[in-house]
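> When you get a sec, could you build the whole thing from the sequences and use the hints?
Respectively, the protein sequence lines represent chains A and B.
Numbering-wise (this note's numbering), the first sequence opens with residue 1 and increments by one.
Numbering-wise (this note's numbering), the second sequence opens with residue 1001 and increments by one.
Careful: at least some of the hints might be erroneous.
Unchecked claim - Facing chain B, from chain A, some residues (calculated, C-beta under 10 Å): (1) SER25; (2) LEU32; (3) GLU35; (4) GLN38; (5) ARG60; (6) LEU65; (7) VAL70; (8) LEU71; (9) PHE98; (10) GLY99.
Said to hold, decoys possible - In silico PhoX-like links for lysine-lysine, alpha-carbon gap of 20 Å or less: (11) LYS120(A) <-> LYS1012(B); (12) LYS1084(B) <-> LYS1012(B); (13) LYS173(A) <-> LYS81(A); (14) LYS100(A) <-> LYS1012(B); (15) LYS1013(B) <-> LYS100(A).
Stated by the list, open to error - Partial list, computed: chain B residues near chain A (C-beta under 7 Å): (16) LYS1013; (17) ASP1058; (18) VAL1081.
Hints in this document: simulated from the structure, not taken from any laboratory.
C-beta atoms are modelled at their ideal positions from N, C-alpha and C, and glycine is treated no differently.
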Amino acid sequence: METRFTRGKSAILERPLSRPKTEVSVSAFALLFSEVVQYCQSRVYSVTELQARLSEMGQRVGGSLLDVLVLREKNGKRETKVLNILLFIKVSVWRALFGKEADKLEQANDDDKTYYIIEKEPLVNTYISVPKENSSLNCAAFTGGIIEAILTHSGFPAKVTVHWHKGTTLMIKFDEAVIARDKSLDLR
Amino acid sequence: MSRQSNRTTDSKKMNSELFTLTYGALVTQLCKDYENDEEVNKQLDKMGYNIGVRLIEDFLARSNIGRCQDFRETADVIAKVAFKMYLGITPSVTNWSPAGDEFSLILENNPLVDFVELPDNHSTLIYSNLLCGVLRGALEMVQMAVDVRFVQDTLRGDNVTEIRMKFIKRIEENLPAGDE
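Right, dumping it as structure tokens:
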């Protein structure tokens, strides 16, 4: 990820990071997001590419959001355990973004690297109708990107993909090393 | 047909951060995809226009506001009702031209630019240019051709953020042949 430094003494650095007072209407977001999806669509050839692009944009959002949330919700303390970072996402991140907790967090039965966050009616999909010919398209790929960035920047490299399953499911697959580290932490 | 009066502002609200950051991600993407700021400004305006064309429907349905009598009333509705409803802010309306066909919106706390800084190599980017397109598109749908542009922007070092709106003409309704 590219890094950019703030110029000298910027007024932005003096601004408090407390919760924003402003609220915008859901319609404003829905219309903006719809333009985002259409724009991405105009530059790709397949559903996979489209989802990759949406995810990439989500990753920018996630990258900017992480530090703010850690500061606000966790007093600046970062999570080191897999379960805790997942709960942080399910509760704090979801509340900050969508005003509610995610519906469900589950671990795959057969694989200790894989977790699912399940959301029946994700906000980003509320106003989107998926055309039949691209029925695999899920614009929650954007949310997936946000989560992937938050995990990766917290030191839990993972791939997040999105699927239609019990509503929308974000599948989180951690890198081998993350799980190995987690287990070694447990042993101590 | 009676309308419910309590529908006025019951649109759902959300935290502005997701909105701000999503917009930021979009602008970043456009800056990557296009060669220069001019092109990005144009693209933002175009996307805003698409939004405006759809947003006006939502706005009219929610606000119960009928046709505006003059441009002054239009300005008031935009600043006090529309901006409040969608972005949670109320810009001030100033600098009327003597003819009453031009005014400025002064934006404080523009939610699109929360914690945004323009890098030096993007000094001609009009970051919030989407808004111009939205206003233009929405007004076009109510038969007003209006020129909308940023004349000052705090992101580019000005003291205030100012959108200038100039009324061009009423758009005649073109009824399809045989529809009268």
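> Take the hints in turn and mark each one as holding or not.
Results of checking the hints against the structure:
1. SER25: Holds: closest Cβ of chain B sits about 5 Å from SER25(A), inside 10 Å.
2. LEU32: holds (6 Å)
3. GLU35: Holds - the Cβ of GLU35(A) comes within 10 Å of chain B, reaching about 5 Å at its closest.
4. GLN38: holds (8 Å)
5. ARG60: Cβ of ARG60(A) sits 4 Å from chain B, so the hint holds.
6. LEU65: holds (6 Å)
7. VAL70: violated (14 Å)
8. LEU71: violated (13 Å)
9. PHE98: holds (8 Å)
10. GLY99: holds (6 Å)
11. LYS120(A) <-> LYS1012(B): holds (19 Å)
12. LYS1084(B) <-> LYS1012(B): holds (13 Å)
13. LYS173(A) <-> LYS81(A): Status holds; Cα separation ~15 Å.
14. LYS100(A) <-> LYS1012(B): holds (14 Å)
15. LYS1013(B) <-> LYS100(A): Cα-Cα ~13 Å, so holds.
16. LYS1013: holds (4 Å)
17. ASP1058: holds (5 Å)
18. VAL1081: violated (12 Å)
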